[in-house]
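Undergrad: Assemble the whole structure, with the sequences as input and the hints as a guide.
Top line first, the protein sequences correspond to chains A and B.
If you count the first sequence from 1, position 149 lands on 242 in the numbering used here, and the numbers rise without skipping.
If you count the second sequence from 1, position 103 lands on 142 in the numbering used here, and the numbers rise without skipping.
Source of the hints: derived by calculation from the structure; they are not laboratory data.
All figures in this text were calculated on a predicted structure; none of them were measured in a lab.
It is possible that part of the hints are untrue.
[Stated by the list, open to error] Here are the simulated DSS-like cross-link-like pairs (lysine-lysine), alpha carbons at most 25 Å apart as the crow flies:
hint, chain 1, residue 1, chain 2, residue 2
1, B, K192, B, K80
2, A, K266, A, K167
3, B, K230, B, K71
4, B, K214, A, K163
5, B, K244, A, K231
6, B, K244, A, K167
7, A, K163, B, K151
8, A, K231, B, K214
9, B, K176, A, K231
[Unchecked claim] Per label pair, the in silico range of CB-to-CB distance:
hint, chain 1, residue 1, chain 2, residue 2, range
10, A, K129, B, D117, 30 to 40 Å
11, A, R245, B, T75, 39 to 49 Å
12, B, S232, A, S249, 20 to 30 Å
13, B, F149, A, N126, 40 to 50 Å
14, A, Q260, B, N193, 37 to 47 Å
15, B, N209, A, K142, 36 to 46 Å
16, A, K180, B, K129, 32 to 42 Å
17, B, T162, A, Q260, 39 to 49 Å
18, B, T75, A, A207, 47 to 57 Å
19, B, S172, A, E259, 29 to 39 Å
20, A, F258, B, K96, 52 to 62 Å
21, B, A245, A, A207, 28 to 38 Å
22, B, E125, A, E133, 33 to 43 Å
[What the hints assert, rightly or not] Derived coverage of chain B by chain A (criterion: at least 3 residues anywhere in the stretch with Cβ under 8 Å from a Cβ of chain A; other residues may be distant):
hint, segment
23, 157 to 167
24, 203 to 213
Even glycine gets a Cβ: it sits at the ideal position worked out from N, Cα and C.
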Amino acid sequence: MKKYLHLFFGLLLLYACKESTNEVVLAEVPAVNTSKGSIEVVDFSGLQKQYLEKESPALLVVNFWATWCKPCVKELPAFEELGVAFKDQGVEVILVSLDFPENIEKGVIPFIQAHGLQNKVVLLDDSDANSWIPLVSKEWSGAIPATLIIDRKGTSHFFEQSFSFEQLEHEVKLLL
Amino acid sequence: MKKFIVLVTLLCIGSIGFSGFTKIETSLDGYKIGDTATDFKLKNVDGSLVSLSDYKKAKGFIVIFTCNTCPYAVASEDRINALDAEFKEKGYPVIAINPNNPNVQPDDTFEKMKEKSAEKAFTFPYLYDESHSIYAKYGAKKTPHAYVLQKEKNKYIVKYIGAIDDNVRNGAEVKNRFLANAVNELLQGKKVSVPETKAIGCSVKA
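TA: As structure tokens, then:
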């Protein structure tokens, strides 16, 4: 019981702290719809709530990328292949685009369609990167591509590097 | 209950206040705050060779690893010019260095650096890290990636590493000028209060 009481107050404290800092958190932005398609746009707290902290699948693979980032575009097929190959084992892949929001209609959505991306793509629109980069990982310099793998226990594994499918498969098998 | 709310509020303030002083732990290779940075001799867009030691009167430097191509670097160009205008006379000139290998990033050639410098009327040297070794010594992982060095007994001590400000994408919406604040603190003889910050950037292509 005591344990639960601690947990309760901990949560209450977290909640209260969250409330008190709410004014500095950007409002959540809903999906941006264009004539060509739509994409979900989130700020960092939205990304955390909706994806990073939700009831975890066996493994959540979060890739930070952008259409203008060459090494990111180059490694996207590996993440696509991973999404398909490990779907049955509960591996979920999310592609978090760091493209500029003004480029959604002309850049991001056409890119997703041209490449036929099957993984979930969300656009992270949160300009104060200094506040959220360390929340993804203290190891992250801010360079992309970068990949975060969250395992079943909720433990994060961070990689500031490019991946081939084989490398990705290796990491995933280690963590599954 | 009231007491509890007060307690929670205090704890929140405490945690926010404390986090402001918590040093961001990094596992980056390269320099850490307080390290001595290396001088270099790199080719400038005007054909001259530039070293930190050329600047006899400088109190320090704003060294920014940047490039022609990265959208975050492009978005920062006007702000880098503005930093040079603000701090050159005060003793902290800007030195920009392109670490990218044009074999990997074709638009980051020396020729295109010249074009960029002319087109944007850069007031500062824009150097080419041709051997791709200087960025590695500094530990620059991305463009833009900024360092503030202070000259102390002819050594260049690293005082700040990170972002130019808190909004790379949009200069008009900047609320916190991290780098300018650091230089101003050094000019006032103070310790840099926020010595390390993070920003999204393009990985160095060397």
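Undergrad: State for each hint whether it applies.
TA: Hint by hint, here is what the structure shows:
no.	hint	verdict
1	K192/B - K80/B	holds, 20 Å
2	K266/A - K167/A	holds, 22 Å
3	K230/B - K71/B	holds, 15 Å
4	K214/B - K163/A	violated, 30 Å
5	K244/B - K231/A	holds, 22 Å
6	K244/B - K167/A	holds, 13 Å
7	K163/A - K151/B	holds, 18 Å
8	K231/A - K214/B	holds, 23 Å
9	K176/B - K231/A	holds, 21 Å
10	K129/A - D117/B: 30 to 40 Å	holds, 32 Å
11	R245/A - T75/B: 39 to 49 Å	holds, 45 Å
12	S232/B - S249/A: 20 to 30 Å	holds, 29 Å
13	F149/B - N126/A: 40 to 50 Å	holds, 44 Å
14	Q260/A - N193/B: 37 to 47 Å	holds, 45 Å
15	N209/B - K142/A: 36 to 46 Å	violated, 25 Å
16	K180/A - K129/B: 32 to 42 Å	violated, 58 Å
17	T162/B - Q260/A: 39 to 49 Å	holds, 43 Å
18	T75/B - A207/A: 47 to 57 Å	holds, 49 Å
19	S172/B - E259/A: 29 to 39 Å	holds, 30 Å
20	F258/A - K96/B: 52 to 62 Å	holds, 55 Å
21	A245/B - A207/A: 28 to 38 Å	holds, 29 Å
22	E125/B - E133/A: 33 to 43 Å	holds, 40 Å
23	157 to 167	violated (count 0)
24	203 to 213	holds (count 6)
Consistency note: the structure conflicts with the earlier hints numbered 4, 15, 16 and 23.
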